[in-house]
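Asker: Here's the letter readout for the chains.
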Amino acid sequence: MREIFKTWTPANKRFLAIGLAITISAQMMVLVTEYLSSVWPLWFGNPITLETKPVDPRSLFRGNYVLLNYTISDISKNLTHEDFKPGEVGYVTLKEEDGLFVATALQHEKPETGIYIRGRVKKVKPDYRLKYGIEAYFMPKEKALQTERSVRGGAQAEIFLLSNGKAALSKLICAKGDC
Amino acid sequence: MAREVSDWVREGLIEPAQGEAILAQYGAKMEDATDSSLGYFMLTALAILFVGLALILIVSHNWDEIPRLTRMLGLVFITLAVNLQGMRLMLTGSDKAGIFWLFFGSICYGTTIMLIAQIYHIGEHFPDGILYWSLGVLPLIFITRSRLITFLCLGLATIWALVEIEIEFFPSIYPLFMIAGIWLAWVRKDSVLLLLSGLAGLIFWVNLLLAWIGGEWYTFEAIIDQIPGTIAIGLFLTGCSWLLMRHADSQLKRYGQILHLWLIRGGLLLLFVLSFSDVWQEFSKEEYLFGLFTPLVIVVSGIAAFFLSKPSGSNAYGPVLLNTLFFFLSFLWIDLGNVNEMWLAIITNLMLLFTGLWLIHRGIEDSTTQFFYTGVGVLLITALLRYFDLIGDYIGGAILFIVAALILFGAARYWQSQKLKKERANA
Chain A
1477 MREIFKTWTP ANKRFLAIGL AITISAQMMV LVTEYLSSVW PLWFGNPITL ETKPVDPRSL
1537 FRGNYVLLNY TISDISKNLT HEDFKPGEVG YVTLKEEDGL FVATALQHEK PETGIYIRGR
1597 VKKVKPDYRL KYGIEAYFMP KEKALQTERS VRGGAQAEIF LLSNGKAALS KLICAKGDC
Chain B
1370 MAREVSDWVR EGLIEPAQGE AILAQYGAKM EDATDSSLGY FMLTALAILF VGLALILIVS
1430 HNWDEIPRLT RMLGLVFITL AVNLQGMRLM LTGSDKAGIF WLFFGSICYG TTIMLIAQIY
1490 HIGEHFPDGI LYWSLGVLPL IFITRSRLIT FLCLGLATIW ALVEIEIEFF PSIYPLFMIA
1550 GIWLAWVRKD SVLLLLSGLA GLIFWVNLLL AWIGGEWYTF EAIIDQIPGT IAIGLFLTGC
1610 SWLLMRHADS QLKRYGQILH LWLIRGGLLL LFVLSFSDVW QEFSKEEYLF GLFTPLVIVV
1670 SGIAAFFLSK PSGSNAYGPV LLNTLFFFLS FLWIDLGNVN EMWLAIITNL MLLFTGLWLI
1730 HRGIEDSTTQ FFYTGVGVLL ITALLRYFDL IGDYIGGAIL FIVAALILFG AARYWQSQKL
1790 KKERANA
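Chains as they are written, first to last, in my numbering: chain A, 1477 to 1655; chain B, 1370 to 1796.
In case anyone wonders, no lab produced these hints; they're calculated from the structure. Heads up, some of the hints might be wrong.
Stated by the list, open to error - With a straight-line Cα cutoff of 27 Å, these simulated BS3-like cross-link-like pairs (lysine-lysine) come out:
hint	chain 1	residue 1	chain 2	residue 2
1	A	Lys-1482	A	Lys-1553
2	A	Lys-1607	A	Lys-1553
3	B	Lys-1622	B	Lys-1398
4	A	Lys-1601	A	Lys-1642
5	A	Lys-1601	A	Lys-1571
6	A	Lys-1586	A	Lys-1571
7	A	Lys-1489	B	Lys-1465
8	A	Lys-1482	B	Lys-1790
9	A	Lys-1482	B	Lys-1558
10	B	Lys-1622	A	Lys-1482
11	B	Lys-1465	A	Lys-1482
12	A	Lys-1598	A	Lys-1586
13	A	Lys-1571	A	Lys-1647
14	A	Lys-1489	B	Lys-1558
15	A	Lys-1619	A	Lys-1571
16	A	Lys-1586	A	Lys-1617
17	A	Lys-1652	A	Lys-1617
18	A	Lys-1561	A	Lys-1642
Stated by the list, open to error - Derived coverage of chain A by chain B (criterion: at least 3 residues anywhere in the stretch with Cβ under 8 Å from a Cβ of chain B; other residues may be distant):
hint	segment
19	1484-1493
20	1547-1557
Beta carbons: idealized from backbone N, C-alpha and C, even for Gly.
Based on the sequences and whatever the hints tell you, model everything.
Answerer: Okay, here's the thing in structure tokens:
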């Protein structure tokens, strides 16, 4: 075994070829997996509409985006009888009211029935604040600033939900102006 | 040194073979004197890095007029093509060019991850993207043994860890990257920067882990145990540095020397901080998370360091023992309670005094100017600190200075008498 390990150097062309082929393939696999996990909810999920409250920052690697805060981002402690710590996963049960979905309960375990969204607890005081992975809407800088102005007049987001609670952000719908 | 030896060869003082043999003792080669390839390599690597940053910014612009599938497939194709070109060059023996292409390919790979996240508005746990980027580059360290790619991987892993910390997540697999860096430094034997970066990363991670435990595994809460823990690692590494300094391989010996130098610098910085009584007073208010186990770690690590440094002589194991004893007793005292912070500060200042003397002694014994002047600097800085920040009142400060002066006079006289004895013995 030690001898085999000793021959695994860049001078060994066979090792180099196999090693690089595996690494490049693995990189491609990561990209394909990332792509599929991004589009899966859009292809197979159910659409819901949520109310938003945005601001406009810049990501280190991904450019400008409209940071979206949802009415379901803040969950009142009255909606749960369980304790949550920051970083823990929680499932929020949703109910449709006048075309928009609102939170009705928060729990650690996946609900057996109904529509629910999977999130992660960010803050625990005064109420629970959750993130669902749908808080960033990436756009060119000028458009992001324009959208930010438009959504101040009220906006909704179309979200696709998989049966396991994973969410994907599809589009923004502004009450006034272009989104 | 390579330049100096080359001059001797040119002047006919020694043969080229002798020159190579002398330089081999110090891990250098004659060609190092005229080697301009490092400059070329560094500038090319920086140019590629800048092109990579430009690519990330171009992608960040978010070209939403271009269909998203076209954008994504375009970048995936570029990543694949650049990596395959790197692979082709490596297989045909153009290693340096191959490394440059694979380095650029690694940046393209990360850019594609970010582009997909941007196109599909992935906001869920953003650091994961940087983690997948670092993990994708990690195997290249083992396959190519390239320092350039390793630094890229370690840099990305560090960015990932910092972003995780910022949003209060623990970067659990960070040591994996640091160990890969240390492994390459060990195998190649020519990158002390990689070795030090890897070790610094590991020490940083251990501190994070302790703070994470202090925050009950869901937030970071600095705890006093981190200081004795870091001291214990420092002591153990000091033992390792002496072990390396005794190694027959000149490159590993050099690793040991530089590691030792940085440990001394770190140790001095810590002693300067601890030389203020206010710091000890703050510590005395804290409680150890691991109780008596915390100061005991210093003893265990100090004993290991003692055995590792013992064959190098009293110059090696003496300071190890003194530091182990000082830090163990000080932190044990904190654990037991009723700490007199004034006394701890005075002893710390005396430790600085002894360290300064030891460095001056080593500087003269080993003809190492760096140690000599560091020792002089330690004594001067200690004096300056204590002049501005008195321990106790004016009389207390004056007594401390007189005690320090007596120790210095005593050391100077002892030194002189030893020198005379040697001269008489030689005569």
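Asker: Indicate, hint by hint, whether the structure satisfies it.
Answerer: Now the hints, each set against the structure:
1. A:Lys-1482 <-> A:Lys-1553: This hinted pair is violated, its Cα atoms lying about 60 Å apart.
2. A:Lys-1607 <-> A:Lys-1553: Holds, at roughly 16 Å.
3. B:Lys-1622 <-> B:Lys-1398: The hint holds at about 16 Å.
4. A:Lys-1601 <-> A:Lys-1642: Between Lys-1601 (chain A) and Lys-1642 (chain A) the Cα gap is close to 25 Å, so the pair holds against 27 Å.
5. A:Lys-1601 <-> A:Lys-1571: Satisfied, since the Cα-Cα distance of roughly 24 Å is no more than 27 Å.
6. A:Lys-1586 <-> A:Lys-1571: holds, 16 Å
7. A:Lys-1489 <-> B:Lys-1465: holds, 15 Å
8. A:Lys-1482 <-> B:Lys-1790: Violated, at roughly 54 Å.
9. A:Lys-1482 <-> B:Lys-1558: holds, 16 Å
10. B:Lys-1622 <-> A:Lys-1482: Within the cut-off at roughly 23 Å; holds.
11. B:Lys-1465 <-> A:Lys-1482: holds, 22 Å
12. A:Lys-1598 <-> A:Lys-1586: Holds - the C-alpha atoms of Lys-1586 (chain A) and Lys-1598 (chain A) are around 19 Å apart, at most 27 Å.
13. A:Lys-1571 <-> A:Lys-1647: holds, 20 Å
14. A:Lys-1489 <-> B:Lys-1558: holds, 22 Å
15. A:Lys-1619 <-> A:Lys-1571: Distance of about 32 Å is beyond 27 Å: violated.
16. A:Lys-1586 <-> A:Lys-1617: violated, 38 Å
17. A:Lys-1652 <-> A:Lys-1617: Holds: Lys-1652 (chain A) and Lys-1617 (chain A) sit about 20 Å apart, inside 27 Å.
18. A:Lys-1561 <-> A:Lys-1642: Holds: Lys-1561 (chain A) and Lys-1642 (chain A) sit about 20 Å apart, inside 27 Å.
19. 1484-1493: Our answer is that it holds, as 7 residues pass the Cβ test (under 8 Å) against chain B, meeting three.
20. 1547-1557: This one is violated; 0 residues, fewer than the three required, reach chain B with a Cβ under 8 Å.
Comparing the model with each earlier hint shows violations of hints 1, 8, 15, 16, 20; every other hint is respected.
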